[in-house]
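Colleague: Below are the chains, spelled out letter by letter.
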Amino acid sequence: MVQINLPKNSKIQKGKYYKDNTGSNNIRKVNVYRWDPSNEENPRIDTYEVDMNNCPSKVLDILNKIKNEIDPSLAYRRSCSHGVCGSCAMNMDGKNGLACTKSHSEIKGDINIYPLPHLKVLKDLIGDLSILYKQYESVEPWLKTSKKSEKENIQSMEDRSKLDGLYECIMCACCSTACPSYWWNGEKYLGPAVLLQAYRWIVDSRDEDRKERLKKVADELKLYRCHTIMNCTNACPKGLNPAKAIASIKKMLATS
Amino acid sequence: MKDKNPLSPHIQIYSWHISSLVSISHRITGIINIFIITLVCCWLAYLLLGSKNYEIIFNFFGTYIGKFLIVGSVWSFSFQALSEIRHLFWDLGFGFEIKTSNITGVLVIFGSFILTIFFILIKNSLL
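Those sequence lines, one after another, are chains Y and S.
Reminder that position 255 of the first sequence reads as 255 in the numbering used here, one-by-one numbering, no gaps.
Converting from the second sequence to the numbering used here requires adding 1000 to each position, the first position being numbered 1.
Worth flagging that the hints you see were computed from the coordinates, not collected in a lab.
All C-beta atoms, glycine included, are put in the ideal place defined by N, C-alpha and C.
Check the hints yourself; a few may be wrong.
Listed below are several chain S residues computed to face chain Y (Cβ distance under 7 Å; list not exhaustive) [as the list claims (entries may be wrong)]:
#1 Leu-1007
#2 Ser-1023
#3 Phe-1060
Required output: the full structure, derived from the provided sequences and hints.
Modeller: Structure, rendered in structure tokens:
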């Protein structure tokens, strides 16, 4: 159901202000969403003054700097810091992306950092993605084949190229949490990330379960809640195109 | 536990893209068009009741509210039609690249105004 306003316990308050104590002449204000599960308070926005003279180029570097030098209580997910693991997906400057690949020089003015949109917050910048993972499981993202060959399962160059733009997905959830349809129907609509994965297995020439897969996904809510808003494609930090993948599923269903 | 956890902000903080702007406008004009078509039907039914009624409606369309209604309706239909053409191309599998979709989105927005002016000019030349 469309609910524009945030629930009462999610209304954001003004938080603390951390003044710079390095005396730097190159300061940027960074506003970070904070929520502490150990008390009953509403989420708040803390503002940090960060010395940019001693800060590497990415937004994740700013967060690391805040955690290491200003406020160790800040919680966020990160791991590889090279845009491969998808852990540090968050909303920066109103757009979803990976903090480790987003340059802070691209952002004008104060830097606003929020968790991925429309998720239950576990702490600070960490959102709960368990529904998305369940949906991912529901499309059975593994090869289904009756062949039990001893050798490798060979694909033609042409068949293999169909997986380009699909296999690169790192499941960071930037696209799904950028999608208004997914915000309003997140429990039923599969969302761009999962549908892209569903398509990845539908077009795999080695998979023998294509018909079943298509049948399973052909549902008013699961698939057709996509209205081509294109927020997913605009958000993807890997430059993939979930909107196109979803349209390809729709086209396959319409023509089969 | 889940009720205690807050919901992270969504539409409040997410920046607008051309594509999302055209998408929401497509929906809004769609709903407006239902009302417009209903009004047009009522108007036609009303005309059947006699020439005096024609006069009343004609005079109403001469007022500022009436003129706004006409221009607004023409724009709403123009926008919906152009945006629907964009959707037809999408359904065929074309135009999903970010650049292409931005261009077609801008074309829909500007095109709707150009079409509106075009139709109003035709109307004025006929009267």
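Colleague: If you test the structure against every hint from before, which numbers come out violated?
Modeller: Hint 3 contradicted; others consistent.
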